[in-house]
Amino acid sequence: MRWTVLLIALALALAAAGDSALAAQAQPTSRDSVAAARAVKLSEKLRCLVCQNQSIADSNAELAQDLRGQIREQIAAGKTDDEIVAYMVARYGDFVLYEPPLKATTVLLWAGPALLVLGGFVGLMRFLATRRAAPAAPDLSPEERQRAERLLAGSEDRAA
Amino acid sequence: MRLKLLAPLAIFVVICAFLLVGLWRDPREVPSPLIGKPAPAFTLAQLHEPAKTLGPADLKGQVWLLNVWASWCVSCREEHPLLVALGKAGIVPIIGLDYKDETTAGKRWLSDNGNPYTTSVVDRDGKVGIDWGVYGVPETFVIDKSGTIRYKQIGPLTAEALETKIMPLIRELQKS
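In order, the protein sequences belong to chains U and R.
The numbering of the first sequence is this note's numbering, which starts it at 1047 and goes up by one.
The numbering of the second sequence is this note's numbering, which starts it at -12 and goes up by one.
One should not assume that every hint holds.
Stated by the list, open to error - Calculated cross-link-like contacts (lysine-lysine; reagent style BS3-like; alpha-carbon spacing at most 30 Å): (1) Lys162(R) / Lys1091(U); (2) Lys(-9)(R) / Lys75(R); (3) Lys47(R) / Lys152(R); (4) Lys(-9)(R) / Lys47(R); (5) Lys24(R) / Lys1091(U); (6) Lys132(R) / Lys152(R); (7) Lys132(R) / Lys162(R); (8) Lys1087(U) / Lys75(R); (9) Lys114(R) / Lys132(R); (10) Lys1149(U) / Lys139(R); (11) Lys1091(U) / Lys1125(U); (12) Lys1149(U) / Lys24(R); (13) Lys139(R) / Lys152(R); (14) Lys87(R) / Lys39(R); (15) Lys1125(U) / Lys114(R); (16) Lys139(R) / Lys162(R); (17) Lys1091(U) / Lys139(R); (18) Lys1149(U) / Lys1087(U); (19) Lys1087(U) / Lys87(R); (20) Lys39(R) / Lys94(R); (21) Lys132(R) / Lys1125(U); (22) Lys114(R) / Lys162(R); (23) Lys1091(U) / Lys94(R); (24) Lys75(R) / Lys87(R); (25) Lys24(R) / Lys1125(U).
None of these hints come from the bench; they were simulated from the model.
Throw the hints in and build the complete structure from the sequences for me.
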């Protein structure tokens, strides 16, 4: 009897300890799972300026942590995704976006791949057209044809 | 026929030219969208007199520098002698933004290395840093009389940047 009481007490103590550990871990994330998902999605779209090949979501740089905090705070304050992105761009420029906006200076960047494919396609078509237009076998006169047949049959000496 | 053969070579040369130019460009220097824009407002406690505050509004009417530093920042040591010399010359007020730093560590760092700042303010949580688009301490901003940001140096100041860009800009701005 005393053992079971002791065991139950121990189990309860462990459960309580586990709970508080979990609570401590869960603290930094947003309570609302929709908001958390939005925060993650937004931070994946934004570049960390300290380690430039990582998004804010990937990076552990202090600035990235602070910016993730900013995103969470602004979501909690009811800002829209566009407003939060505009906030980041106002401070860090278009460079903070992994997907650059379509502007006069970025037209080539956006249209470049399509232009290359189109150019390649046009080049290929022209190449095929010239190949098709190339003359087939030249016309032979009757004597030449006879000689060719004889040559193919192997009945005439090559030197002749 | 000759021309057709040269085309791949020409394309190769153009690509090489682009790559070569890319070699000399520093990808860490991201052009700040804040240049030409009003300096973001803040009111922060001063490092040495926490009861007093300071902000860009208090500096309207003069050309000033904002230098972002921290006691934990290694490359701040590199530029510090230049700042100390500039501070001694007294040409322009230098406001220090002690970025994400402990005040005691910040104060000790200044007493150890010399204090070039007219005033230092404390940005404990880095929020003002974010407003100013700070991502690599040290950074230095030049702000004109109307409170507009005119120049940003990312990373440590160099004697060359001071002589060729910052000082001429300050002189020009002070005249106007």
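Going down the list of hints, with the structure as the test:
1. Lys162(R) / Lys1091(U): 44 Å, violated
2. Lys(-9)(R) / Lys75(R): 65 Å, violated
3. Lys47(R) / Lys152(R): Since the Cα atoms of Lys47(R) and Lys152(R) sit roughly 22 Å apart, the hinted pair holds (cutoff 30 Å).
4. Lys(-9)(R) / Lys47(R): 63 Å, violated
5. Lys24(R) / Lys1091(U): 25 Å, holds
6. Lys132(R) / Lys152(R): 18 Å, holds
7. Lys132(R) / Lys162(R): Within the cut-off at roughly 10 Å; holds.
8. Lys1087(U) / Lys75(R): At roughly 49 Å apart (the allowed maximum being 30 Å), Lys75(R) and Lys1087(U) break the hint.
9. Lys114(R) / Lys132(R): Roughly 24 Å separates the two Cα atoms, so the pair holds.
10. Lys1149(U) / Lys139(R): Distance ~24 Å between Lys1149(U) and Lys139(R) Cα, so the pair holds.
11. Lys1091(U) / Lys1125(U): Satisfied, since the Cα-Cα distance of roughly 17 Å is no more than 30 Å.
12. Lys1149(U) / Lys24(R): Measuring from Cα to Cα gives roughly 20 Å; hence the hint holds.
13. Lys139(R) / Lys152(R): Roughly 10 Å separates the two Cα atoms, so the pair holds.
14. Lys87(R) / Lys39(R): 19 Å, holds
15. Lys1125(U) / Lys114(R): It holds: about 18 Å lies between the C-alpha atoms, which stays within 30 Å.
16. Lys139(R) / Lys162(R): Answer holds: Lys139(R) to Lys162(R) is near 20 Å, not above 30 Å.
17. Lys1091(U) / Lys139(R): The hint holds at about 26 Å.
18. Lys1149(U) / Lys1087(U): Distance of about 24 Å is within 30 Å: holds.
19. Lys1087(U) / Lys87(R): 27 Å, holds
20. Lys39(R) / Lys94(R): Satisfied, since the Cα-Cα distance of roughly 16 Å is no more than 30 Å.
21. Lys132(R) / Lys1125(U): 34 Å, violated
22. Lys114(R) / Lys162(R): 33 Å, violated
23. Lys1091(U) / Lys94(R): 38 Å, violated
24. Lys75(R) / Lys87(R): The given pair, whose Cα atoms are some 26 Å apart, holds under the 30 Å limit.
25. Lys24(R) / Lys1125(U): 23 Å, holds
Hints 1, 2, 4, 8, 21, 22 and 23 from the earlier list are contradicted by this structure; the remaining hints agree with it.
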